[in-house]
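> Whole structure, please, built from the sequences with the hints as guidance.
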Amino acid sequence: MSTQEHVEEHVHRDDIRSRMGMWLFLFSELLLFGGLFLIYSVYRFMHPHAFSIASKEMNTFFGTMNTIILLTSSLTMALAIAAIQRGKKILSICLQITTILFGAAFMVNKFLEWSAEFREGNFPGSAVLQSKPQGQILYFGLYYSMVGLHGIHVLVGMTVIAFMLRFTIKGVINKDNYVKLEAAGLYWHLVDIIWIFLFPLFYLIT
Amino acid sequence: MEKNITHKEHTHSYSIYFLVWLALITLTGLTAAVAGINFGKLSVVVAIVIAMAKSYLVLTEFMHLKMEQKAFKVFVFVALLFLTISFTLLFTDYSFYVR
Amino acid sequence: MSSDTLAISHNGHSPSYLEYEGKHKGIWAWLLSTDHKRIGILYLIAIISFFAVGVTLGFLIRLELLTPQGTIVGPQAYNEFFTLHGVIMIFIVVIPVIPAVFGNFFLPIMLGAKDVAFPRLNLLSWYLYITGGTLILLSIILPGGAADTGWTFYIPYSVRTGTNMIFTLSAVFILGFSSILTGLNFLTTIHRMRAPGMGWFKMPLFAWSLYATSWIQVIVTPIVGITLLMVVVERVFHVGIFDPTLGGDPLLFQHMFWMYSHPAVYIIIVPAMGVISEIIPVFSQRTIFGYKFIAFSSLAIALFGSLVWGHHMFATGMSNTSEFVFSLLTFLVAIPSAIKVFNWTATLYKGSIKLEAPLLYSLAFIFLFSIGGLTGVIQGALNVDIYLTDTYFIVGHIHYVVFGGTGIALFAALHYWLPKMFGRMYNKKVAKFAFWNIFIGFNITYFPFFILGWMGMPRRSYHYLPQFQLYHVISTVGSWILVIGLFTMLFNLLMSLVRGKKVTENNIWGGETLEWQIQTPPTTENFEDIPNIIDGPYEYKQNELTTVEEEVN
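Protein chains in written order, with my numbering: chain A, 48 to 253; chain B, 477 to 575; chain C, 117 to 669.
Any given hint could turn out to be false.
For lysine-lysine, the following DSSO-like pairs were computed, each having C-alpha atoms within a straight-line distance of at most 30 Å [as the list claims (entries may be wrong)]:
1) A:K227 x B:K549
2) A:K103 x A:K179
3) B:K549 x C:K318
4) C:K230 x B:K549
5) A:K103 x B:K517
6) A:K222 x B:K542
7) C:K544 x B:K549
8) B:K546 x C:K318
9) C:K545 x C:K408
10) B:K542 x A:K227
11) A:K222 x B:K546
12) A:K222 x C:K230
Examples of chain B residues lying across from chain C (beta carbon under 10 Å, computed) [unchecked claim]:
13) F551
14) I561
15) S562
16) F567
17) Y570
18) F572
Think of the hints as simulated: they come from the structure by calculation, not from any bench.
Values in this document were obtained by computation on a predicted structure and should not be read as measured data.
The beta carbon of each residue, even a glycine, is placed where N, CA and C say it ideally should be.
This is the structure:
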């Protein structure tokens, strides 16, 4: 058996390939949440009144604040990419940090919101919840599942951006090679888009 | 050494991003305001339409879908088409039969 | 296909991917390899092992059904047997097998590429697969026992049962992600890594089939992922999504489950059809009839197949409107498959037929899949299905399309491509003997299922009425013949890897696709230089120059 010298061949870098891979992954995430949105639409159709009542228990202020936080974090993420495209490394780093902080603020808000709900007894499996009409149990079931799953994705997104931050500081991500940051940005924007739908569907039912 | 730079740089000026953000915040306010008005069964439609408008802005401007190759736009369309068809077919059951 | 730059070996034989030594040593050279060919082999070993488990379970089920009451196990064990048989065969064997083994190994080569788009993601897919499979095995041995709900996990029992549902459902979730990542990888590879000159319509049909399949994988797998995840959440947190006591709708579970699981059967069959589309031209030495029709029919199956899931629910009390719509769409989805059958047959006509093992299996595929497919159309008729649903007729249909379809195509692919992958030829006489053994055993095992179904024998039933026993006995004896055939076939192939005659020629069967232009077994890089493609992949008669090696520029 001879040992073969592995020549590090220069592979043509294909940024479109990287972005395509991320877009395809985003579709799978979109369909993951899409399944839940389908379930939501059926149950809301079957229990319109119960959904409306349950929705009143939601804290619209928290919800709106979180929407604005996430939208702004999308802005800072897009700006972070624009900055590195122009070679502004420090600016990009600051913007990435800001994005992560916004994500953290979102999660803190969520924690406060859910603590309040739990104190009132509105948590899965609770006696309070199970005594409510079935439509409302379904509403809360979907609320915790969908918002919870979304929260997990916010945390994942924050982690991914943290890795990108490290790459940017080290110069791996730079003016001539930033497709990793673009991919991370795509993921973060999807997380934003999902919340754009979650917000009115849970917090703003008339 | 070649790099794949056949596409033009995917970027806007900083101000475009700010403008998009402003539009998004405005639409959020609109959603909240409209929630108080009772459109009956149409309420959910109004909410979804505004959400779709916001998503469109994020997709095309923040995610640079407008600047990407045609294939990407076809992809997005296919994914959304699937969701729409599934939704429709699902509701051929639920809207015509009360359990 | 002709190209103006072919891979040539220097003085005889360059080291193949099997011999390559990189930075990892020993077993790690395989377990940490991102070479698509090695990953394909890793999948092959894993999947054949699980297939053996699945076959054993099927064998035991058939033994149990020899008598109308208990034969070898109690009812609880029986429920776990058929659940495991379904879960393993569907999620762990037939969904991944052709894409993950042959797609991984040959797609880049067929496209003229050196690897897939994301090699490390490819390795991750394999590890996810192994994790999922391991969780299923754990669910069997840990207290609580394996799932007993059937592979369809219907509500409410899947929320109530005390067996290891969380392991099982989590396993399927993880396997789903393995599937999604593979699909994503293939889609990007096909879009971005075709060799210069290889337009979409110069791609081999196997690549087209993988393209259509990958779309289904990426789009619908998350739906079952989230649905099963919700069942887990329901079991753990008592949330209230599907559980009827909490207001949930059990039929909504079925809708969401079948929204994936029906397209999943197209993930199962479309790559198999791709294999057949590759083999038939080679063994009749004729250009495939209707290349574009076959390519587009794969896409059509992917699209229409996503719209018919309700036909699994005709007896559940869905609205009349939706029953009508789903039945109509179900009839339509048969059309693209039929187009393929016509085209394959037309290709064979007046061809120079070489009746080797790959072609034998391909012919068997056409025969068995046609039976299975036609019985599917029968089931698509609403009034007939009300009678047939949940009977053995359905089980017969399933086995003819999945086993007679994808299973047989798997065997065809093994006999076609294994010599290329390992550079060893199996015993052709034994291969043909094993083929007939399998074919005869298969039909004796599964044809009685249709009869049993018409007579009213329910599926998944531990006890049955005495009038069904004769056909069960026939079927079980058939299963013994089938198992002997399977064992003979696998043993023959395995022995070939160890003691088979060495194969050194590039083009073993006279094929025109790129894998037959490169070394046997391939080098790690696949190609010395990426070829420039000139002709299409099935240009028989027209092009006699493809096996002539040209100088590298």
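> With a cut-off of 30 Å on the C-alpha distance, tell me whether A:K222 and B:K542 pass.
With Cα atoms ~22 Å apart, A:K222 and B:K542 stay inside 30 Å; holds.
> Are the Cα positions of A:K227 and B:K549 separated by 30 Å at most?
21 Å, holds
> Is the interface hint satisfied for B:Y570? The criterion is a beta-carbon contact with chain C at less than 10 Å.
8 Å, holds
> Check whether the Cα positions of A:K222 and C:K230 lie no farther apart than 30 Å.
28 Å, holds
> Checking one constraint from the list: CA of C:K230 to CA of B:K549, max 30 Å. Satisfied?
28 Å, holds
> Have a go at the B:I561 hint: is there a Cβ in chain C nearer than 10 Å to its own Cβ?
6 Å, holds
> Does A:K179 lie within 30 Å of A:K103 when you go C-alpha to C-alpha?
14 Å, holds
> Holds or violated: B:K542 with A:K227, Cα cutoff 30 Å?
19 Å, holds
> Check the hint pairing B:K546 with C:K318 against an upper bound of 30 Å on the C-alpha distance.
Roughly 21 Å separates the two Cα atoms, so the pair holds.
> Given B:F551 as an interface hint, is the shortest Cβ-Cβ distance to chain C below 10 Å?
Cβ of B:F551 sits 9 Å from chain C, so the hint holds.
> Hinted pair, alpha-carbon criterion (30 Å max): A:K222, B:K546. Please report holds or violated.
Roughly 25 Å separates the two Cα atoms, so the pair holds.
> Is the hinted pair A:K103 and B:K517 satisfied, with a Cα-Cα distance of at most 30 Å?
It holds: about 17 Å lies between the C-alpha atoms, which stays within 30 Å.
Consistency with the previously given hints fails for numbers 7, 9, ordered from lowest to highest.
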